[in-house]
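> Each chain, written out:
Protein chains: 4
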Amino acid sequence: MFDCQDVLNRTYQRVLAMENKGAVASYIPELAKVDPANFGVCITTKTGEQFHCGNSITPFSIQSIAKVLSLSLAISHQGEKMWERMDFEPSGSSFNSLVQLETENGIPRNPLINAGAIVVCDILCDLFENPKEELLNYVRKISGIKSISYNLEVAKSERLTGYRNYALLNFIKSFGNIKNDCDTVIDVYFHLCSLEMNCVELSKTFGFLANRGKQIITNTQVVKPSQAKRINAIMQTCGFYDEAGEFAFRVGLPGKSGVGGGMVAVLPDAYTIATWSPKLNKHGNSYRGMKFLEYFTDETQDTVF
Amino acid sequence: MFDCQDVLNRTYQRVLAMENKGAVASYIPELAKVDPANFGVCITTKTGEQFHCGNSITPFSIQSIAKVLSLSLAISHQGEKMWERMDFEPSGSSFNSLVQLETENGIPRNPLINAGAIVVCDILCDLFENPKEELLNYVRKISGIKSISYNLEVAKSERLTGYRNYALLNFIKSFGNIKNDCDTVIDVYFHLCSLEMNCVELSKTFGFLANRGKQIITNTQVVKPSQAKRINAIMQTCGFYDEAGEFAFRVGLPGKSGVGGGMVAVLPDAYTIATWSPKLNKHGNSYRGMKFLEYFTDETQDTVF
Amino acid sequence: MFDCQDVLNRTYQRVLAMENKGAVASYIPELAKVDPANFGVCITTKTGEQFHCGNSITPFSIQSIAKVLSLSLAISHQGEKMWERMDFEPSGSSFNSLVQLETENGIPRNPLINAGAIVVCDILCDLFENPKEELLNYVRKISGIKSISYNLEVAKSERLTGYRNYALLNFIKSFGNIKNDCDTVIDVYFHLCSLEMNCVELSKTFGFLANRGKQIITNTQVVKPSQAKRINAIMQTCGFYDEAGEFAFRVGLPGKSGVGGGMVAVLPDAYTIATWSPKLNKHGNSYRGMKFLEYFTDETQDTVF
Amino acid sequence: MFDCQDVLNRTYQRVLAMENKGAVASYIPELAKVDPANFGVCITTKTGEQFHCGNSITPFSIQSIAKVLSLSLAISHQGEKMWERMDFEPSGSSFNSLVQLETENGIPRNPLINAGAIVVCDILCDLFENPKEELLNYVRKISGIKSISYNLEVAKSERLTGYRNYALLNFIKSFGNIKNDCDTVIDVYFHLCSLEMNCVELSKTFGFLANRGKQIITNTQVVKPSQAKRINAIMQTCGFYDEAGEFAFRVGLPGKSGVGGGMVAVLPDAYTIATWSPKLNKHGNSYRGMKFLEYFTDETQDTVF
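Sequences listed follow chains B, X, Z and L, in order.
Numbering of the first sequence is given in my numbering, commencing with residue 5 and proceeding in unit increments.
Numbering of the second sequence is given in my numbering, commencing with residue 5 and proceeding in unit increments.
Numbering of the third sequence is given in my numbering, commencing with residue 5 and proceeding in unit increments.
Numbering of the fourth sequence is given in my numbering, commencing with residue 5 and proceeding in unit increments.
Check before you lean on any hint, since a few could be wrong.
No copy labels: a pair is met if it fits in one copy or bridges any two.
Unchecked claim - Subject to a maximum C-alpha distance of 16 angstroms in a straight line, what follows is the list of computed EDC-like cross-link-like pairs (lysine to aspartate or glutamate):
hint	residue 1	residue 2
1	K85	D130
2	K150	E200
3	K286	E53
4	K150	D185
5	K228	D302
Hints were generated in silico from the structure; no laboratory data involved.
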């Protein structure tokens, strides 16, 4: 195998030397005030080795990346049953999301777009009396990191400005595909989006997806191997909104991004890689994160394709 | 490695024993009159071994599967330049295709939907004086099979009923994204769709995508390794219209289907697998082909995820 | 002039003799439990004469017909300024309403679709400290009928099931086109929809639109003549959702319908005509109401065209 | 009655004194080369009096205005039967036209949008052996003007650049709603759009719509009174693409515009008014024509509302 730390360092320096393009997400103050110069990466192998570089231990808001974790929790309890309430197809342009809900009677296209993640939160409300606590405990358990927490300021800010998500939720409820009270569901959703981790923690948390569903180090089964395969498949086809194809094309790994500037990618049976840099390209994905993952996989020739 | 012929046989028998659901495509007589009982499979490894079963040497109309071959020819000549004229993102539901062309000014979402494949045909008309001949020669060359041909009856039938494709073509031309005469371009497109192969030939033809861009057996480089990776990535995210996610989810391999009932899937660095059974599910993909590939990969645990 | 009472009676009997097709709106219990056999009509001339027939003094929920009254109140205070926040173009199929809001940045297409009526309610919240009271007083004033009231049971039921309208409201707010608190605005909207009148009251209330903006009998100016003309124009092009063209085509008068089975139509400078019959056709307009107005205007040859 | 020539002159001068905003249609050379300073108006009363001003006898391309004439010819032969193949509802934004055809299975929303006018041309191909000749004879007959003709250069230019219309035609044919050969139908359509008249001729030609379906002067019945009413209703709700509401709102008369800068409006039982000025506003309607009709009807208080 290649010298992982060496390739990591060189790729990091290469991207660092480039102009830091894009814009930091600004729809809530907590995201807007983050220093755009931050740039961290961490690789965690399925045997538990970690290689990192840059601002890799600075916590950030993982935002939509957390949708993979709520999906994982729901799928581990409900299995195939959950697909009665959503699909696992790519969504095309974000523009189409509302049209799609209309033509498909409130069935979201996949669990990684907002509409689908909201239905996943509704499923968590069905399953648990205290869904927020259960979700947090789950994330702490699969990561083995007790200190992971919601950022309550972020959750509150999301709530105050999240009219579009609240519109989605009510629209889906009008089709009967939300079972719980809207305010309860949205509260879970906004807490989910407020989860904070650093790159080292994020890549470790996602380790089970590179390890056939088993937590790394302890090898505890978190989801079934077939479920891990399916989560990876969903990330591959649906993980990057309007840039899912771009990511498959340039990086060639399943992954997920968040508007906080985080990204995570998985090479099954090998490693996970987390990056963080707050400036986003026009599709809402981290500019440096995309570059890093593209250059890194070009050099290592690691790809699922 | 598992005993490939054995797993192939057992999976074949398992699917054969199930009810043969779905409906044969009937929009042209040449497809409608095919015997729905046909069912063939063939695996070709990157070292050239072949394992097959059932009606694996009966030729059929590969239809949209051929779009991967025209893409391959175009990409080998134009490289990244071709992405100025189309994108490589999944398209969402087929319903959205015209809306998407409208909102994105005539830029098709990817080269495997009809709109994109039509623009690829226009690129071939730019590149070659006799695009139909060049395309056929290319397919014969990369497959090493001289007898592969267009079915002129099929091409003619497509032409007589292909109003929707002709509408797409004219619509794209209205945005300036078709450079050649509409009748010339559509003629290439309908010939492309009329290519005929059997399962043994189809899996061999696609061998270069499991072999980092090199033709199997001769190891002649057909497309660059990075281009093979990208074609696989595009098949993964865009190869099955409304069922791209389903295929990634259940099969976990890049692939492409056609309305003639053919399917092809690729396990990079290992093998390609072609199936043929004419009855289609509601998404237009072969009912038995999907089942076969799902059960086969379940048993072998072969998946890119 | 024709003998109004005679034509009214004969047309009423003609429609009464036909099969009473369609279905009563059932999304809230208060509408579902109305006797579908109800059928009333009333004509009020601009000089104050009234001709009625059938269940013309039974009160019913005027529902969306009330949107003309909130529009009238808003336009009388804001004049042309209100068109900065909405348009006055027909909306095409209801299917497109969310898509349209998306492509036109939260600007509703006209004040008579739900999205537009919600923005009108937001304008009323801007204008008045107690918008519900002001609105009710306004309706009582222009009608000269003190007993007109909201049905609080209906308003409450609308609130409990109105997820789609709440989705619309939040969606518009996400574009910045709602200034007040969502709960305050929706409360006004659901009260607006709960207004109750009978046919005699309804045709009298709308008298100002047949009288160049002046209340009938008292001749008090309610809106400017040019505003009355514009409200009529908006009713003509936008008053019947998917059936605006049908109504113009078959009836030829500006008008508005509600899911409670009420309809009102205006012949400028002559009269208003209100009908009520709870069974709705597939476009959501009263089956008998449409028939009555078509046959009535056929016989009288009254049409703006 | 007001002094028609006087109001006409004063309104003409008022608009002439304003800045001549907008842009001349340039998609074909024949339209692009017209002098943008042209501005003519003509009123023809139902008794045959004519009042005109400015460039009122300079011929221009009436373009989409002609769709009212093909509709009239079709309706006079087919009556209600033609509504099996198209609707008469407003279309919302032009953006929605393709979506609408898709969701409504190739049934155009009304006969005045391109899709609908194309189906009308297909109906003319059903009705007549020589549809172009029949159509021209019909226009000459109802206008009483033998010299009206197609502009063959315009028809040819339309043909060479009309990819979008050809796309629409093929798309509708894919749903089975075009019965004749595509090339035959489009030829009729492009000739229809190439009709030339001046303002005096145009207002006279439309006279039957202000005269309950009877040609003015001769009083020959051209269409039934109920059909005239319906054509007016369709013009009112569908005559101005994205500005149908605007026109109803500001002018208050049924009418139709063309990209050549012509407009025609009808006050039933009174007069028709034709205007021509080539510069178009952003909705594709004549800038000066809209202003003239708005100011004219403001002053005369002529409105159907």
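> Does each hint fit the structure? Answer for all of them.
These are the hints, each one checked on the structure:
1. Proximity of K85 and D130 under a CA criterion of 16 angstroms is satisfied intra-copy only: 13 angstroms inside one chain copy versus 47 angstroms between copies.
2. With identical chains, the CA atoms of K150 and E200 are at most 16 angstroms apart within one copy only, with a shortest distance of 12 angstroms there and 59 angstroms across copies.
3. Proximity of K286 to E53 under the C-alpha cut-off of 16 angstroms is found in neither arrangement, the shortest distances being 34 angstroms within a copy and 46 angstroms between copies.
4. Taking the closest pair of Cα atoms, K150 and D185 never come within 16 angstroms of each other, the shortest separation being 30 angstroms inside a single copy and 39 angstroms across copies.
5. Proximity of K228 and D302 under a CA criterion of 16 angstroms is satisfied inter-copy only: 13 angstroms between copies versus 31 angstroms inside one chain copy.
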